[in-house]
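Peer 1: These protein sequence lines are chains D and P, in that order. Be aware that the first sequence starts at 1152, since it is given in the numbering used here, and climbs by one per residue. Be aware that the second sequence starts at 60, since it is given in the numbering used here, and climbs by one per residue.
In case anyone wonders, no lab produced these hints; they're calculated from the structure. For glycine and all other residues, C-beta sits at the position ideal for the given N, C-alpha and C. It is possible that some hints are incorrect.
Said to hold, decoys possible - The calculated BS3-like cross-link candidates involving lysine-lysine, where the alpha carbons are at most 27 Å apart (straight line), are:
1. 263/P <-> 219/P
2. 219/P <-> 1463/D
3. 1465/D <-> 237/P
4. 1495/D <-> 277/P
5. 1465/D <-> 263/P
6. 1505/D <-> 1446/D
Claimed, not checked - Quick look at which bits of chain D chain P covers, simulated, 3 or more residues with Cβ under 8 Å:
7. 1316 to 1324
8. 1366 to 1376
9. 1384 to 1397
10. 1471 to 1483
Unchecked claim - Computed Cβ-Cβ distance ranges for the label pairs, DEER-style:
11. 1461/D <-> 276/P: 29 to 35 Å
12. 232/P <-> 1233/D: 45 to 51 Å
13. 311/P <-> 1486/D: 42 to 48 Å
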Amino acid sequence: MAERVILLEHDEDMAARLAAALRATSDFTLAATYHDAISALGKGGVFRPHLCLIDVENEDALEHLPDFAEHFPTATILGLMEEWNADTAERVLAAGGTGCILKPFQVQDLLDAIALYKRRGQPKPSRTLTFFSPKGRAGRTTLAAVLAIELARLSGESVALIDADLQFGDLSMFFDINPPHSIIDAAHDIKLLTPATFAPYFHPLGNNVWLLSSPDRPEYAELVDAEGLIEVIRMASNLFRFVLVDLPAGFSPISIALCEFADTDFLVTMINSGQEVRHVRRSMRMFALWESYGKHVHTIFTRVNPCTTEEKEKLERELGHPVSDILPNEYQMTAITGAGRLMKELPRDTLLIKIIGYMAEDIINGRR
Amino acid sequence: MEGHQSIVIAVFSTSSGIGKTITAINLAAEFAKEGYRACLVDLDLQFGDVMSYLKLPSGVTLADAQNALLRSPENFRITDFLTEYRHEDVSFFVLPPPRDVYDAYIIRISTIENIIYQLSGFNFIILDLPAVFSALNLAVLDLSTIINFIGVMDFLPAVKNYKVGYDTLLRFGYEEQKVRLVENRSDSQKFIRSRDVERLLGTKFYHRLPNDFPAVSKSIREGRPLMFAAPQSALTRSYWDLVGRYTGRPKSAKRPYEQKKPGAFMRFFGM
């Protein structure tokens, strides 16, 4: 059955071009074309549209976007723009829109975009989560990878893992893949990309999780800056409901900028020599500042033994700050991640994975 | 470095938590024990552990040294900014990193280069570096005599990072002779054999350090180098051996502190 479309386009020539494209296929039926938002909202309802195409470069239409989402709750609402604008794309998602597409388009572009946004999940803004640790070997990457798998499983929505540990990223090894594209290519090309052309930079890991890997040479890290990486994350937000970014250890211009950009930061530390609480305390000043601006900051200690409430309270006293979660050691994880079998052999019956599963549930339900 | 007699040993790796700081401390202590003047510079400017592993107070730090150097270069004496570690007959000096994480940003590469140059009164300067190819690390690797490139081969991603790190060092033009590959925890239970790692690297390890977690824990807990915290440990002996290779100590030399109290286990193995 053809999808009924209403089109809101202020420019008559553009409206004619888009209408012609839609008429050239049996996939869509153009029910009506409007030039202003009020008419579209008032009259469009009689057509019970499946798809609303809305010129979001027009401020009036963009402001009325929440009304479209409310009037047509089951419809796909796509913003139209001539040039990709990340701010506008974010406003469309925040207003309950499905996503954006460049105009003029071919029918295939429209079909591809609808498929990508369907895969993404609910038409809601993305959650962006970063994983920071003062020093390496903290279990940071393992937490990010397992949380990604659990978020995808429990939400049914799509999840991106972005390996921003530019010099020594391990995520592609955790999943035993050798992706053709890296985050460096993505940051280099990002200004020329749209969600549809950006999607192939991600490597499918299965079960609704995708990876944008780090490069294979440490010196390539020199080729990107924080600004480029933030554009990558913003574009990824159009394709994925959850965007998880694994950072290099320690503070660097890149790790600071990405932590600052994300809505949620995980500060991950492994209990090992006993010096780690001091490192977190030293890092906390920066995170406490962000927390005071409303960012979610989760302080996580890994390899806590025994993994008990008493131990958590002890760490909190030492740190002088609440500890979000403590995670137990799970001896199998080294072998599983080292062998690249994380997706295939995630040991769900272990306490470690169960706790990360609860964390995923909380994130999905907006509790953290 | 022209006109500079000190041997500069950079302790470097491409993974954290693999024993760089322990290695740096024990190299410094063993050099000192042999009568050399040794200075340990903690260049992990954000999260350096040298001072806490030795239970030393950070009185003056690299940040203070930089301030003094910039204020009045002609009156600057680096020795004013060193903290001495002394126990029994062993003494060496430490240049601590800034106390505040954010002060790490104000440290200039030129300051570090200048300071290392001014440490020329020391026979050995040991640099404890964070696991990253940064502008600072590359600058000090350039002026190092030897790069002690250390790794633990217990985890495939770590082996990958070690190989990538080694290839990168060679690609950056460091001579193979300068890069000394040191395998830490070489005898711990693991899935990956050193022989296979050497085949992957295309070269042999220069030195292997055995695993002794209890000895290292005790050393950190007591705030003393291994020669005091665990004199009988095979790891302590291995650091002594490594230092002997750097100082050209005759093979027939005996370890001073080992003869005091040889354990039954050591005697059994004829060590």
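Peer 1: If a hint holds in the structure, say so; if it doesn't, say that too.
Peer 2: Evaluated hints:
no., hint, in the structure
1, 263/P <-> 219/P, "16 Å, holds"
2, 219/P <-> 1463/D, "34 Å, violated"
3, 1465/D <-> 237/P, "46 Å, violated"
4, 1495/D <-> 277/P, "39 Å, violated"
5, 1465/D <-> 263/P, "45 Å, violated"
6, 1505/D <-> 1446/D, "25 Å, holds"
7, 1316 to 1324, "holds (count 4)"
8, 1366 to 1376, "holds (count 5)"
9, 1384 to 1397, "violated (count 0)"
10, 1471 to 1483, "violated (count 0)"
11, 1461/D <-> 276/P: 29 to 35 Å, "22 Å, violated"
12, 232/P <-> 1233/D: 45 to 51 Å, "48 Å, holds"
13, 311/P <-> 1486/D: 42 to 48 Å, "44 Å, holds"
Of the numbered hints listed earlier, those contradicted by the structure are 2, 3, 4, 5, 9, 10, 11.
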